[in-house]
Amino acid sequence: MTAYLMSVHGPAEMEEFGNYGSREAMEESFAETGRFNDKLKADGYWVFAGGLQPASTATVVDGQGETPVVTDGPYLETKELIGGFWVIEAPDLDVALKLAAEASKACRGKVEVRPFDGLA
Amino acid sequence: MTQTGQAAVERVFREEYGRLIASLVRRFGDIDIAEEAASEALVTALEKWPESGVPPNPGGWLTTTAGNRAIDRLRREKLRDKKHQAAFMDHDDTPHTPTGPVEDDRLRLLFTCCHPALASEARVALTLRLLGGLTVPEIAQAFLVPETTMGQRITRAKKKIAAAKVPYRVPEAADLPERLGGVLTVLFLVFNEGYLASGDGDPVRAELTGEAIRLARILHQLLPDEPEVTGLLAMLVLTEARREARVRNGQLVPLGEQDRAGWDHAFIAEGHDLVRECLAINRPGRYQMLAAINAVHTDAPSAADTDWSQVVALYDQLTRLDASPIVALNRAVAVAELDGPSVGLALVDRLPLEGYHAWHATRADLLRRLGRTVEAKEAYDAAMTATQNSAEIAYLGRKRGELV
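Chains S and L, in that order, are what the protein sequence lines are. Going by the working numbering, the first sequence opens with residue 1, and the numbers climb by one from there. Going by the working numbering, the second sequence opens with residue 1, and the numbers climb by one from there.
No wet-lab data here; the hints were simulated from the structure. Some clues are possibly wrong.
To be verified - Listed next, the in silico SDA-like pairs over lysine to any residue satisfying Cα-Cα at most 25 Å (straight line):
#1 L/165 - L/155
#2 L/159 - S/105
#3 L/165 - S/17
#4 L/159 - S/112
#5 L/160 - S/120
#6 S/98 - L/185
#7 S/105 - L/172
Claimed, not checked - Restraint ranges, calculated between C-beta atoms of paired labels, are given here:
#8 S/23 - L/313: 50 to 58 Å
#9 L/169 - S/67: 46 to 54 Å
#10 S/17 - L/169: 54 to 62 Å
Since we're looking at a predicted model, the values are computed, not measured. Note that CB positions come from ideal geometry on N, CA and C, so glycine has one too.
Based on the provided sequences and hints, a complete structural model is requested.
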């Protein structure tokens, strides 16, 4: 089995109901994502998952020097940022891509699939 | 060692390369190990064959030798990795046969090389490298990119296959049509680059058209019931049949002016058989339509005998499957033959293809036939600017020069 990060990418600027348009649409997506998570657990792919606060809440720490330098904001200043993620274990990329397609549908966003070099 | 001896060994090696790599990848689960073992087997063959002669089953010899080399190497390095341990356990001495599971190995590897998770350029390069047995410098030269760029492209793709675990597997039936589409696109791109080379080097690269046909033949052998595979092979051989007649004295010769005695009639007969074979399955597709159109052209004893209404009817069918402006352009050319150049030109002018050399060349030809000389000259100039192919530029320049 290989571990994959499935990260969800969307606009950095959030509107009132995220990027969902309305409260109903948002709740519908949450419910669908919940069902997808249950399925991942039942089928044995689940490792870990979570949604993130908006990128404006991010802080970058550079601890490579003598004293750590702390900077407000996300590391990359881009229009599209990571909003949440899953960590799954799948036998190969084809399986991971199928799951990512379901994940993308459920959370209404594009999903990047990237293999882990290993899990600690 | 004599030059001929070495050349003979290298030719056999190249012919066997795809099979060899595919079976090694299946056995060891790793492209790098497979490639390294294969090249070590080549070194051994270059030492032994010129003296002992090429063995009766060179493919089997190479597979056994390369397999032993890979095992030696894994032992030497004492890799503890589970994957490599598993490869040890998997050690089998299945004799090398030209059919059966070995063929499936190549099909598996072809689907890996053409995986949608890889960049399109990488798919083409990897297919030529691993299944075609072309070297990195050869592929770099064919696509006119520096060797280091091509080397990196291939290395990156191989790393992604290993790290992201792109499977060595023929997709399940449900995914096959879509994934097969990707494989056919790669073969079509390889052929096209050979048939109308985009760079300023040779106008035609027979090694690429030949390689695309060879791979399409393998695919057709492996999936005889997929009509689009048959259709692609038919289209490729019918196009290849005209290759020699298509360039004369460094100039492109358009279909209508080609010496039909110079066509390869064995290819044409094969292509016609293949077209009948795929259309009989009655699951029409893009490549089958293109093949059928080529069959109509190659069926006519002279350009004047071409059944243009049949060609237009086939383009109408193709348009329903693929409504791209390029298809519309080719359809307009056929309409011009049937209903006259002004009808054709009206269709062509509507298409958003200002950056495409063939659009300008088609306009130039239709304007010329309508006697609109000034506009025709402008269109020839635009066409010459939009292409790099030397034979095409030579042809367009001559046609422009003939206008008074």
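Hint check:
1. L/165 - L/155: 15 Å, holds
2. L/159 - S/105: The given pair, whose Cα atoms are some 29 Å apart, is violated under the 25 Å limit.
3. L/165 - S/17: 37 Å, violated
4. L/159 - S/112: 18 Å, holds
5. L/160 - S/120: Holds: residue 160 of chain L and residue 120 of chain S sit about 21 Å apart, inside 25 Å.
6. S/98 - L/185: 22 Å, holds
7. S/105 - L/172: 22 Å, holds
8. S/23 - L/313: 50 to 58 Å: 55 Å, holds
9. L/169 - S/67: 46 to 54 Å: 52 Å, holds
10. S/17 - L/169: 54 to 62 Å: The hinted range 54 to 62 Å is violated for residue 17 of chain S and residue 169 of chain L, with Cβ atoms some 41 Å apart.
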